[in-house]
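2 protein chains.
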Amino acid sequence: MTDSYDINAFKNPLLTVDSVLFTVKDHALKVLLVKRAKDPFAGRWGLPGGFVDVDLDNNTDLTALRKLKEKTNLAPRYLEQLQAFSSHNRDPRGFSVTLVYYALIAAQDVSSHIDTVENAQWFDIADLDNLAVAFDHKFIVEQARTRLQQKALYSMVPVYCLPEYFTVSQLKTVIEIIIGKSIQRKSLIRRIDSSKIFQKSAEKEKLGGRLSQLYCLKADVEIVNFERNLSS
Amino acid sequence: MTDSYDINAFKNPLLTVDSVLFTVKDHALKVLLVKRAKDPFAGRWGLPGGFVDVDLDNNTDLTALRKLKEKTNLAPRYLEQLQAFSSHNRDPRGFSVTLVYYALIAAQDVSSHIDTVENAQWFDIADLDNLAVAFDHKFIVEQARTRLQQKALYSMVPVYCLPEYFTVSQLKTVIEIIIGKSIQRKSLIRRIDSSKIFQKSAEKEKLGGRLSQLYCLKADVEIVNFERNLSS
DNA sequence: TAATATTAATGTCCCTAAGACACAAAATAA
DNA sequence: TTATTTTGTGTCTTAGGGACATTAATATTA
Chain A
1 MTDSYDINAF KNPLLTVDSV LFTVKDHALK VLLVKRAKDP FAGRWGLPGG FVDVDLDNNT
61 DLTALRKLKE KTNLAPRYLE QLQAFSSHNR DPRGFSVTLV YYALIAAQDV SSHIDTVENA
121 QWFDIADLDN LAVAFDHKFI VEQARTRLQQ KALYSMVPVY CLPEYFTVSQ LKTVIEIIIG
181 KSIQRKSLIR RIDSSKIFQK SAEKEKLGGR LSQLYCLKAD VEIVNFERNL SS
Chain B
1 MTDSYDINAF KNPLLTVDSV LFTVKDHALK VLLVKRAKDP FAGRWGLPGG FVDVDLDNNT
61 DLTALRKLKE KTNLAPRYLE QLQAFSSHNR DPRGFSVTLV YYALIAAQDV SSHIDTVENA
121 QWFDIADLDN LAVAFDHKFI VEQARTRLQQ KALYSMVPVY CLPEYFTVSQ LKTVIEIIIG
181 KSIQRKSLIR RIDSSKIFQK SAEKEKLGGR LSQLYCLKAD VEIVNFERNL SS
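Protein chains in written order, with our numbering: chain A, 1 to 232; chain B, 1 to 232.
Hints are computed from structural coordinates only; laboratory data are not their basis.
Since we're looking at a predicted model, the values are computed, not measured.
Here a beta-carbon is modelled for each residue, glycine too, at the ideal position from N, C-alpha and C.
Any given hint might turn out to be false.
[As the list claims (entries may be wrong)] Pulled from the structure, derived: some chain A residues nowhere near chain B, Cβ distances all over 10 Å:
#: 1; residue: Leu-15
#: 2; residue: Tyr-78
#: 3; residue: Leu-99
#: 4; residue: Glu-227
[Said to hold, decoys possible] Derived lysine-lysine pairs resembling DSS-like cross-links, with alpha carbons at most 27 Å apart:
#: 5; chain 1: B; residue 1: Lys-11; chain 2: B; residue 2: Lys-25
#: 6; chain 1: B; residue 1: Lys-11; chain 2: A; residue 2: Lys-11
#: 7; chain 1: B; residue 1: Lys-181; chain 2: A; residue 2: Lys-11
#: 8; chain 1: B; residue 1: Lys-38; chain 2: A; residue 2: Lys-11
#: 9; chain 1: B; residue 1: Lys-25; chain 2: B; residue 2: Lys-186
#: 10; chain 1: B; residue 1: Lys-25; chain 2: A; residue 2: Lys-38
#: 11; chain 1: B; residue 1: Lys-181; chain 2: A; residue 2: Lys-151
#: 12; chain 1: B; residue 1: Lys-151; chain 2: A; residue 2: Lys-11
#: 13; chain 1: B; residue 1: Lys-11; chain 2: A; residue 2: Lys-35
#: 14; chain 1: B; residue 1: Lys-196; chain 2: A; residue 2: Lys-151
#: 15; chain 1: B; residue 1: Lys-69; chain 2: B; residue 2: Lys-38
#: 16; chain 1: B; residue 1: Lys-151; chain 2: B; residue 2: Lys-69
#: 17; chain 1: B; residue 1: Lys-204; chain 2: A; residue 2: Lys-69
#: 18; chain 1: A; residue 1: Lys-151; chain 2: B; residue 2: Lys-151
#: 19; chain 1: A; residue 1: Lys-200; chain 2: A; residue 2: Lys-151
#: 20; chain 1: B; residue 1: Lys-186; chain 2: B; residue 2: Lys-38
#: 21; chain 1: A; residue 1: Lys-181; chain 2: B; residue 2: Lys-35
#: 22; chain 1: B; residue 1: Lys-151; chain 2: A; residue 2: Lys-181
#: 23; chain 1: A; residue 1: Lys-200; chain 2: A; residue 2: Lys-172
#: 24; chain 1: B; residue 1: Lys-200; chain 2: B; residue 2: Lys-186
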């Protein structure tokens, strides 16, 4: 019970907040990286993030959102804490802690904004192996992807990769790209119905064929979790 | 892209690491709290935790373990990151971040050690409402409990509340106490068998009746996640 | 010793939700 | 009109948990 610590006697470890922002574009899962301007790993690609500003941010969620806005000019539709990563080796300057969020945005909400920001780029998650990435960010992206994949098996979070109004086929495609395997269209429709968080709309056409029903999230509903995973 | 921050120009927010240590004792889910010696909320009960010591801790997991050892003399059998909590209001001194872990320990591993530590006490999770708890630690405990409950529905983590060798009935009881409802013995046995992470042993007697099979975790196995939740 | 009580384990049927897939419906193109 | 393509539905199968009766093994008691 040696609680006689003097706070200032300790090197308070540096805390950063980073975000793994995903989208589904060109039939692939993409992650947004920014080219680092400053020294540790300057010039390399890394996760958008930075330090908490206690005058601007009421909590770390807002830090994540603010940094995404600053560095990429994007506002994700879904944001959730992944976990903190810490060690002596992950930063050449010594012990460091990064609190990592993962986030989703629709591909349509991306194209216009991202072009105005140099040094921010979408990378195919599969191409990351051959890329020099700063810190342990490659590992972190992999962890975030695993979490997203798990979540996609028991929830409808992938809708946040789609526009407000979407078809069953679009949702099916996005889920399949995220989890990396095909799913049953019928199962998806059953979940859309049973979850009761979506509502139907007017129809719209697609690639020659029957018009498809448009759905959108009801207002002020929570994404529900299902009792079972999809075909894992 | 204003990445021209001077690190030292910012008040780097204080980072603490706290742990919600659970056990199942006296047929109830208990959480360990320590009486705070220092000023913010001095005298109140709070989660065991403290500051990272970059000279001692190679990562925050080790900070959590070290602080548990220092403050309660306990070494949990299971430790996992819950999430970080941050805001301006949670600490009267201003903006603060706490990285919270939740942990499990067997009741048998507790009684002897805990007695040697004054100012550490197990509280029934249901009695916390009527207790003056420091910071937002009551809320945090509630979040940790929810996470543990969810986990108990699709994994065998509750075994870490039991001694190395345990019976099906013991595991059933512990799970039921954690999730707050009764489960089917048959379902539990099916999971024990299908998970293949447990092995049988010799038998032992209990309250007058047939001797019950003892199980223990196989060496170097990971706790598996099941595809479905129990009777939720 | 035999009957009863108690707890453990198994056998079996039911139920739910996902998987598989055929088929019908609605649109386009030839 | 007919073929094609995509959407949506009907329905049977499958996997695994829920419910609960039955059997097994031990202790207690008449």
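Has the given pair, Lys-204 of chain B with Lys-69 of chain A, been kept, meaning a C-alpha gap of at most 27 Å? The given pair, whose Cα atoms are some 62 Å apart, is violated under the 27 Å limit.
Are the Cα positions of Lys-11 of chain B and Lys-35 of chain A separated by 27 Å at most? 25 Å, holds
Run the distance test for Lys-186 of chain B versus Lys-38 of chain B: straight-line Cα separation, threshold 27 Å. 50 Å, violated
Report holds if the minimum CB distance from Tyr-78 of chain A to chain B is greater than 10 Å, and violated otherwise. 16 Å, holds
Quick one, are Lys-151 of chain B and Lys-181 of chain A close enough, alpha carbons at most 27 Å? Judged against 27 Å, a Cα distance of about 25 Å means the pair holds.
Just double-check Glu-227 of chain A for me: nearest Cβ-Cβ distance to chain B has to come out over 10 Å. 5 Å, violated
Is the hinted pair Lys-11 of chain B and Lys-11 of chain A satisfied, with a Cα-Cα distance of at most 27 Å? 13 Å, holds
Given hint Lys-11 of chain A paired with Lys-181 of chain B - CA-CA distance at most 27 Å: Since the Cα atoms of Lys-181 of chain B and Lys-11 of chain A sit roughly 46 Å apart, the hinted pair is violated (cutoff 27 Å).
Below or equal to 27 Å on CA atoms is what counts here, so check Lys-181 of chain B against Lys-151 of chain A. Measuring from Cα to Cα gives roughly 25 Å; hence the hint holds.
Using Cβ atoms and 10 Å as the threshold, tell me whether Leu-15 of chain A really stays out of contact range of chain B. 5 Å, violated
Restraint check for Lys-151 of chain B with Lys-11 of chain A, where alpha carbons must lie at most 27 Å apart: 35 Å, violated
Tell me if the straight-line CA distance from Lys-181 of chain A to Lys-35 of chain B falls inside 27 Å. 51 Å, violated
Hints 1, 3, 4, 5, 7, 10, 12, 17, 20 and 21, counting from the list given before, are not met by this structure.
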